[in-house]
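Model the full assembly from the supplied sequences, consistent with the hints where possible.
When you line the sequence shown up against the working numbering, it's residues 2 to 808, in that order.
I should point out that these hints are in silico values taken from the structure, not numbers from a laboratory. Ideal Cβ placement from N, Cα and C applies to all residues, glycine included. A hint or two may mislead.
Beta-carbon label-pair distances, calculated as ranges [said to hold, decoys possible]: (1) N530 to K656: 57 to 63 Å; (2) Y669 to G615: 18 to 24 Å; (3) S149 to S343: 23 to 29 Å; (4) G201 to S460: 26 to 32 Å; (5) S203 to N389: 36 to 42 Å; (6) S426 to S511: 23 to 29 Å; (7) D706 to V731: 24 to 30 Å.
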Amino acid sequence: MLNTLVSRYKSRLLQTIFKGSGQQTDFSVFMKKVCFLLINISFFISCKPGKLPVVSDTISEPKQEFIAEAPVVTLGEKSLGPSNIVAVLEDYVVSDSVDFQTILNEVITRKRYYFDAIEKGYDINPSQKEEFETYKRIISKSFVLDSSLINNLAEVTYYRLKKEIRASHILIALPLYSSPKDTLAAYQLLTNLKTQITNGASFDSLALAHSADINTKENGGDMGWFSALQLLYPLENVAFQLNKGQVSDPVRTEAGYHLLKVTDIRPFSGKVEVRHILKAIPEEANNEFSLYQKSKIDSLYALLQSGKDFIEICQNNSDDLKTKDAGGLLAPFSIGSWAEKSFEQAAFSLKPGQISEPIKSSIGWHIIKSEKKFPLEPYETLKDQIVNKITTDSRGLYLNELARNKYRSRLNIEENKNNLEDLFSLADERLLKRNWKADRSILKSNVLFKAGQKTFTVSEFLNYAEDRQTFEKHIAGYSPEMYLRWFYNDWKKQNLDALIIENLANWDNSFSSTIQSFKEGLVVSNYLNDNLYEKSVADTTGQRLFYERNIGKYQWPRKARAMIIRTSADSLIQEYYSIIEDGKPFRLKRGIAPFYFEKNKFDLSNELKQKLTGLLLIMEKNPGYVVEIGGHRDIGEEVITSSKRIQAVVEYLTKEGLDITRIREYDYDVNKLVDRFDWPQNQRITFQFFSKDKRDVEKILNSKDNTFQVAYGNYYEGENELIDGTSWQVGSYETTFEGYKYRIDIEEIFEPKAKTLKEARGSVIKDYQKTLEQQLNAELTVKYPATIEIEKVKALFEEHKKKNLLN
Numbered sequence: 002m003l004n005t006l007v008s009r010y011k012s013r014l015l016q017t018i019f020k021g022s023g024q025q026t027d028f029s030v031f032m033k034k035v036c037f038l039l040i041n042i043s044f045f046i047s048c049k050p051g052k053l054p055v056v057s058d059t060i061s062e063p064k065q066e067f068i069a070e071a072p073v074v075t076l077g078e079k080s081l082g083p084s085n086i087v088a089v090l091e092d093y094v095v096s097d098s099v100d101f102q103t104i105l106n107e108v109i110t111r112k113r114y115y116f117d118a119i120e121k122g123y124d125i126n127p128s129q130k131e132e133f134e135t136y137k138r139i140i141s142k143s144f145v146l147d148s149s150l151i152n153n154l155a156e157v158t159y160y161r162l163k164k165e166i167r168a169s170h171i172l173i174a175l176p177l178y179s180s181p182k183d184t185l186a187a188y189q190l191l192t193n194l195k196t197q198i199t200n201g202a203s204f205d206s207l208a209l210a211h212s213a214d215i216n217t218k219e220n221g222g223d224m225g226w227f228s229a230l231q232l233l234y235p236l237e238n239v240a241f242q243l244n245k246g247q248v249s250d251p252v253r254t255e256a257g258y259h260l261l262k263v264t265d266i267r268p269f270s271g272k273v274e275v276r277h278i279l280k281a282i283p284e285e286a287n288n289e290f291s292l293y294q295k296s297k298i299d300s301l302y303a304l305l306q307s308g309k310d311f312i313e314i315c316q317n318n319s320d321d322l323k324t325k326d327a328g329g330l331l332a333p334f335s336i337g338s339w340a341e342k343s344f345e346q347a348a349f350s351l352k353p354g355q356i357s358e359p360i361k362s363s364i365g366w367h368i369i370k371s372e373k374k375f376p377l378e379p380y381e382t383l384k385d386q387i388v389n390k391i392t393t394d395s396r397g398l399y400l401n402e403l404a405r406n407k408y409r410s411r412l413n414i415e416e417n418k419n420n421l422e423d424l425f426s427l428a429d430e431r432l433l434k435r436n437w438k439a440d441r442s443i444l445k446s447n448v449l450f451k452a453g454q455k456t457f458t459v460s461e462f463l464n465y466a467e468d469r470q471t472f473e474k475h476i477a478g479y480s481p482e483m484y485l486r487w488f489y490n491d492w493k494k495q496n497l498d499a500l501i502i503e504n505l506a507n508w509d510n511s512f513s514s515t516i517q518s519f520k521e522g523l524v525v526s527n528y529l530n531d532n533l534y535e536k537s538v539a540d541t542t543g544q545r546l547f548y549e550r551n552i553g554k555y556q557w558p559r560k561a562r563a564m565i566i567r568t569s570a571d572s573l574i575q576e577y578y579s580i581i582e583d584g585k586p587f588r589l590k591r592g593i594a595p596f597y598f599e600k601n602k603f604d605l606s607n608e609l610k611q612k613l614t615g616l617l618l619i620m621e622k623n624p625g626y627v628v629e630i631g632g633h634r635d636i637g638e639e640v641i642t643s644s645k646r647i648q649a650v651v652e653y654l655t656k657e658g659l660d661i662t663r664i665r666e667y668d669y670d671v672n673k674l675v676d677r678f679d680w681p682q683n684q685r686i687t688f689q690f691f692s693k694d695k696r697d698v699e700k701i702l703n704s705k706d707n708t709f710q711v712a713y714g715n716y717y718e719g720e721n722e723l724i725d726g727t728s729w730q731v732g733s734y735e736t737t738f739e740g741y742k743y744r745i746d747i748e749e750i751f752e753p754k755a756k757t758l759k760e761a762r763g764s765v766i767k768d769y770q771k772t773l774e775q776q777l778n779a780e781l782t783v784k785y786p787a788t789i790e791i792e793k794v795k796a797l798f799e800e801h802k803k804k805n806l807l808n
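Right, here's the structure in full:
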């Protein structure tokens, strides 16, 4: 139990950030639920003139104070409320098989450890502080970001996916961190343009004259058809609230201010899956090549019209290297997904199985074949995909800002606007060169803003900005003032986020209990390390006394030193013993091909040296090998020739690093003539392998039958079925087991005996630690007697189990 408990301390489960209710909601009621979400979108919908383009720091909301809880568990004079119990239960993944009493015992044990640790002065150590602060930052996100907002926005998004909108826009480009003056000018320009449109001016003409979007202005600002999740959220949010023909107020995005006009609305067209054949035309291609590619696509289209297979034609002719092997198959897509509107329009106009005429795009000519059409999938199917999207793109930025603003409002932020504008006026060209230094004496006050109980000063920000300028990327079109506004926005956000985390425990019972539970884990690990782990390892006197009192638990059972041979061929067992019984080194009946000499010659040729290099590699690979160098001569050669040949080979091998103890020399002289009439066959050196290692014998026989195996070692009683099947006496035994033949040779029997303390130390430490744990638990049970509201705690447990099972 203890090991499980402590491991859970160190692996705190992060709460799931995004969890849906799974309930169906009437749309009108549902829209009321998200009203707050849509109204507070001030930055994204209509950043008002005269203000910096940032989310408002204050959202009016009643303060929620920390709520005291009635205890459900009392340990001595310490009490635990429901949130304390829930926070500890979060450490456990509970299934139907987990017993309530087991978990309750662990929770009570953990809390007793913690209370005793605090009483004895334990806290998290310096090395754990960074871990704790990192955990607080991570887990705070799941508390700050309200999951209901995410779920509501996901449902809104799915509802929007049922429609497609065609819209036009006019963009007045404006960097995100522009001055209030420039922001006001852009806002007023678009306001004036809307007035002109209201009075009858053509939206298309004004877009052509004023829009900064080069991709749409020539078409009167037409952005084509789109559905949800395809535009920046501020534009999408406005588009889906407008009626056909209606023009929006100015809408702020990172690109600038927009006027948006909805020109048409229709039901969702679904998704299509198509194949295509591409004949590419690079931008730099001349007219002759363009005409050539057009003729190629026309000829391919003619082949398809005559009944040729689309996939085969694609694989042999398409220039789209990514898809040609798959027959040009593209992933399913919806309206608005492709920048190539001609391709998209053609794809959606086809029926499944139908093939288009050649279609021109910016990259060349296409022939498209429609494969399938897919309707909008159910919400539960798409929910995870939608949630992932809305929490990672511009919608995620909005959700995070909205959630943080709820807490920022509790910090009572007071910003010195005049001092701030004076500060921004200090920006100059040195910021672009990364060597800006501000003249701090010019500013009238050192205070930039106050939040909570803290004051944030000009000096602190300037230190931050002067450092940040040295590594921040440069953005085209940004002025020095824009950089400084950007730096201030990020610096302020970082400080406010840190204050939120610092105060969150005072605002939210659940967060307080969660981080407290994690801190408890760190404190308890230090406490147990001193009182159990290190004590059980370091207390050698205690270990010895424990060992001596319990020596009967630490016994070696009887064991047999034995060899076990397994094979499917009886003959290999006999062959193995015939080799082994000849003694070491064991003859392996293997070698390499002989080398032949000219008459009376014994010098090593390059060819023979190459062969000996191969021999050295074999010897290196097989450290148990011994090689026999056999010298031979023909009867017509001089008597010393065979020994000279041996000597030359041995000298070469030892010079190359082969130990002389791994060489056997045998002068066969004329005793093994190959042929009395074929003299060159007798003028030779032979090479035979022996081994000092029985395993090499096993390898040789295993190459004949891969079922042949030899095992040799000491076997304790109960460890090996084959040994246990013998009479446990020295001798040889044969048996058949699971289709194999076995030979068991027991060489020696060792009777049971007590382990020495050194041999048993691992088990002794483990058992000693368990005893110390039992003693500690007994002491703490007396010190912190438990009073439990059992039904209330069980209800919390069942709720936690239900949540685990749903997830």
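Results of checking the hints against the structure:
Remark: the range hint 57 to 63 Å for N530 to K656 is upheld by a beta-carbon distance near 59 Å. Range check, Y669 to G615: about 22 Å between beta-carbon atoms, so the 18 to 24 Å window is met. Against the hinted window of 23 to 29 Å, the Cβ-Cβ separation of S149 and S343 comes to about 43 Å, which falls outside the hint. Between G201 and S460, the C-beta spacing of about 56 Å breaks the proposed range 26 to 32 Å.
Remark: the range hint 36 to 42 Å for S203 to N389 is upheld by a beta-carbon distance near 41 Å. Under the hint 23 to 29 Å, the C-beta atoms of S426 and S511, about 45 Å apart, miss the expected range. Evaluation of the 24 to 30 Å hint for D706 and V731 yields a pass: the beta carbon distance comes to about 29 Å.
Hints 3, 4 and 6 from the earlier list are contradicted by this structure; the remaining hints agree with it.
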